[in-house]
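Start from chain A and add chains B and C according to the hints.
Respectively, the protein sequence lines represent chains A, B and C.
My numbering numbers the first residue of the first sequence as 1 and each following residue consecutively.
My numbering numbers the first residue of the second sequence as 1 and each following residue consecutively.
My numbering numbers the first residue of the third sequence as 1 and each following residue consecutively.
The hints are simulated quantities; they were obtained by calculation from the structure and are not laboratory data.
Just so you know, not all the hints are guaranteed correct.
Since the list gives no way to pick out one identical chain from another, each pair is judged satisfied if it fits inside one copy or across any two copies.
Distance condition first, Cα-Cα at most 20 angstroms in a straight line; then the derived PhoX-like pairs of lysine-lysine [unchecked claim]:
#	residue 1	residue 2
1	LYS207	LYS299
2	LYS299	LYS38
3	LYS299	LYS125
4	LYS203	LYS161
5	LYS91	LYS207
6	LYS91	LYS299
7	LYS91	LYS140
8	LYS125	LYS156
9	LYS38	LYS140
10	LYS38	LYS229
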Amino acid sequence: MNSKFDGWPNVVESQQFAAAWLDQEFFPLASEMVDVYKSGGNDLLRGMRMVSLFFEPSTRTRMSFETAMHMLGGRVVFATENASQFSSAVKGETLTDTIEVANEYYPHVIVLRHHDDDSAEQAVKASVRASVINAGSGRKQHPTQALLDLFTIRQKFPEIKGIKVAICGDLANGRTVRSLSYLLGKYEGVRIYFVAPTRLAIKQDIKDYLVRHNVCFEEVDDIHAVAEKVNVIYQTRTQKERGGSMEFGVNGHFRIDQSVLDLMRQDAIIMHPMPIDRHNLATTEIDPIVDNDPRAVYKRLQIGAGLATRMAILKMILAPEA
Amino acid sequence: MNSKFDGWPNVVESQQFAAAWLDQEFFPLASEMVDVYKSGGNDLLRGMRMVSLFFEPSTRTRMSFETAMHMLGGRVVFATENASQFSSAVKGETLTDTIEVANEYYPHVIVLRHHDDDSAEQAVKASVRASVINAGSGRKQHPTQALLDLFTIRQKFPEIKGIKVAICGDLANGRTVRSLSYLLGKYEGVRIYFVAPTRLAIKQDIKDYLVRHNVCFEEVDDIHAVAEKVNVIYQTRTQKERGGSMEFGVNGHFRIDQSVLDLMRQDAIIMHPMPIDRHNLATTEIDPIVDNDPRAVYKRLQIGAGLATRMAILKMILAPEA
Amino acid sequence: MNSKFDGWPNVVESQQFAAAWLDQEFFPLASEMVDVYKSGGNDLLRGMRMVSLFFEPSTRTRMSFETAMHMLGGRVVFATENASQFSSAVKGETLTDTIEVANEYYPHVIVLRHHDDDSAEQAVKASVRASVINAGSGRKQHPTQALLDLFTIRQKFPEIKGIKVAICGDLANGRTVRSLSYLLGKYEGVRIYFVAPTRLAIKQDIKDYLVRHNVCFEEVDDIHAVAEKVNVIYQTRTQKERGGSMEFGVNGHFRIDQSVLDLMRQDAIIMHPMPIDRHNLATTEIDPIVDNDPRAVYKRLQIGAGLATRMAILKMILAPEA
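In isolation and in its complexed conformation, chain A is listed as follows (with noise of 0.2 angstroms):
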């Protein structure tokens, strides 16, 4: 345990990150990142091997991953975008077995996206010798998002404490509601609105979570009722590949559309982990005409802040003296 980096050099779950660490570390590190991708990049991995394996589908965690390590001057030597269907996992190996032997090609990080809830901590067992980071494991978390949504929240805001946030959609089935819970967690006088149906509400987990560390917290069935009392909307889709269903009709109690902008503050932002589900505009959980809103920040700041949160990520494992 190298106490620098609160549980480094492994990441497996937003709660290893403390308050301190984020403010005195982590937001400053993120922030130079920012500077270092939109100058072009340096050469600080040069040497450094990571190895991509996502197990689920994905294209912007992977994409920022993948992109972070070359902006570095790192190299990806092995990448796959579908391991549950074409690798060694259909030949009945198990998430253990793949990391053992990966280890012995001497990546110096794997970032794992799978299925279990519990691969980031089964990954981190088997791993002798490379760094571990959960880039998503299923139900469960998605640690660097909550940190990419928290240094989102920082770029807006002078301090995190304080901060009231509506996290809104299918609550049950996100990792990133899970993940960003617990983190906001960390800091004192934060309250969150939990905006969902309720057979879609949050899990009674993280609500003993938030209340074991005295975390305001209220749970409410339409977004209007406290839209205008946020600092933060953090909408989310409907996980339907976890099972969820969610309506977000027009008018809704849940949609982001006209109505709830009108009702939002003028310094307050709206997040979104990104896709937005736009199969069917009439049931969209963000309604199109939100994007150009100057509070929307879904589609610029929150994903660079998603590569400078990888960016730094990497650098503090792989590089933690440079």
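Frame of chain A, contents of chains B and C only:
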């Protein structure tokens, strides 16, 4: 709009290129690039990043673009080989959102193949930072294929002006044919023979375009009727994946075999955008015997032209002054 | 034909390698490569390009070849992880055409895994420019697996000569077994025990080959009958994807478990080409308890031998004089 590159820095459709630009800028640069790749590449695009987004299967096009980037010393920071199935597209993300988001990772160029006819236009509109290269858009366009086709012809003939080309096969569904016709239409004295069964004939909009640009063309239903007149036979495959069905039976009107070779001029060439469908040799569009004829350029010269073309395009977009 | 490498610069089948070459050239170079990868790689293959064409799923083999190329400073300019499904193969292209075309992109080496037994021979014939490495061809061969298997044994024993090996499992469908048998057959005094149920017995052509080369072998139907005699137990998985079905039930004749460990010599080793099928622990071919026995080398030494072997092969082909 950069006048120098006639519509660059994006490649959307073959109409954007003028004959003068092709003759004075593109062909000379592509010829240089042949020398560059044969001598092992260079470092012109060091520090440049490509994202390769393929929503439809492809080997050749993707391989030539990614190899081109590596040949010039650049990096492919992210590649997906079947984004329709393994990505945020499954989760309902629009192409616009995908491209906007990809831009925040600061790639210099996005190479896009997509099943929608208007995907390239949409992508250019959404791309605030990266150049977009259309690597095939639905049934509509495949402009870099047309460029490489013309470069192939140019390497074999002193000029494109006055060339006679028979374009044969499933002309209703192939985007290659469409892009090539538009580009040939830029040159004086070109004569095109469209050789197809009535139900798979070339579409009216292309004929209108050619008429508007004073390009002579003729529709015929047997390749033997024109084989001795032309400089180029451009054969195509049934576009099964786009609903085409074409009969190329032995002794048929549309198959390239010994009977067609016997009619052709000695200095004529046979082209094909590849791959050739050889599931069944009795119905393949090119009898394998033709492969060994010196006039067949589809497996060598035309492929090399593809690599040189993609290198030239990348150089023009990413290092115009180098 | 480069006499120095006994049939190089292509790797087609394990018969192409002579025992003297293995002992005097390959093993020493592979040992050097272990040091190279443990110390972070080098730049020996800078400017060299690999194309990685996998028509069948693989994690381990693809990861080790691509990592090997990166470890030596080369570039993987194109990789496809399931070419059968996502490529020109779907459109009816022959392997010969795919390889001919790939050559025009000037890769230095093509690593090929393909479902056809004769794919490697076909590819070598079609490849006018690039070296071809067979990374698994149908039911027939997997020569680099055989090389790494022998290198593993060599790291544990002073010589291959006189070694006693029990090869166990689905011997009818595994190409690994075939390639390994051919290679072991190059050495004097080797004794092989084929341990399989009658219906999955080793094929006649291998037995003929071994007889021709005066290799002693025996067929038995219970691993317990030979466990105390051998230096190596080489266990294999049911080749479901090639129609195999093998019973490895608890207390069965073909399963490696405590009862087999109890019989084995203290200096013997247990190998497996990986992955181990652990869908069902009651029917897995190796009881997980075996993993922790110091004689089990399949997850560590044998994997590292795979990386070193691929590095050595690439070095021999691409930089023979370096």
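Hints versus structure:
1. In this assembly of identical chains, LYS207 and LYS299 lie within 20 angstroms of each other by CA distance neither inside one copy nor across copies; the values are 29 angstroms within and 41 angstroms between.
2. Proximity of LYS299 to LYS38 under the C-alpha cut-off of 20 angstroms is restricted to the intra-copy arrangement: shortest distance 17 angstroms within a copy versus 42 angstroms between copies.
3. For the identical chains of this complex, LYS299 and LYS125 are inter-copy neighbours only, at 15 angstroms across copies versus 36 angstroms inside a copy, given an alpha-carbon limit of 20 angstroms.
4. Proximity of LYS203 and LYS161 under a CA criterion of 20 angstroms is satisfied in neither setting, with 24 angstroms inside one chain copy and 63 angstroms between copies.
5. Taking identical chains as interchangeable, the C-alpha atoms of LYS91 and LYS207 are never at most 20 angstroms apart, the minima being 39 angstroms within one chain and 28 angstroms between chains.
6. In the homo-oligomer, the alpha carbons of LYS91 and LYS299 lie at most 20 angstroms apart only across protomers (16 angstroms), although the nearest pairing inside one protomer, at 39 angstroms, exceeds that limit.
7. With identical chains, the CA atoms of LYS91 and LYS140 are at most 20 angstroms apart between copies only, with a shortest distance of 19 angstroms across copies and 25 angstroms within one.
8. With identical chains, the CA atoms of LYS125 and LYS156 are never at most 20 angstroms apart, being 37 angstroms at best within one copy and 27 angstroms at best between copies.
9. Proximity of LYS38 to LYS140 under the C-alpha cut-off of 20 angstroms is found in neither arrangement, the shortest distances being 33 angstroms within a copy and 35 angstroms between copies.
10. Taking identical chains as interchangeable, the C-alpha atoms of LYS38 and LYS229 are never at most 20 angstroms apart, the minima being 34 angstroms within one chain and 56 angstroms between chains.
The earlier numbered hints that this structure contradicts are 1, 4, 5, 8, 9, 10.
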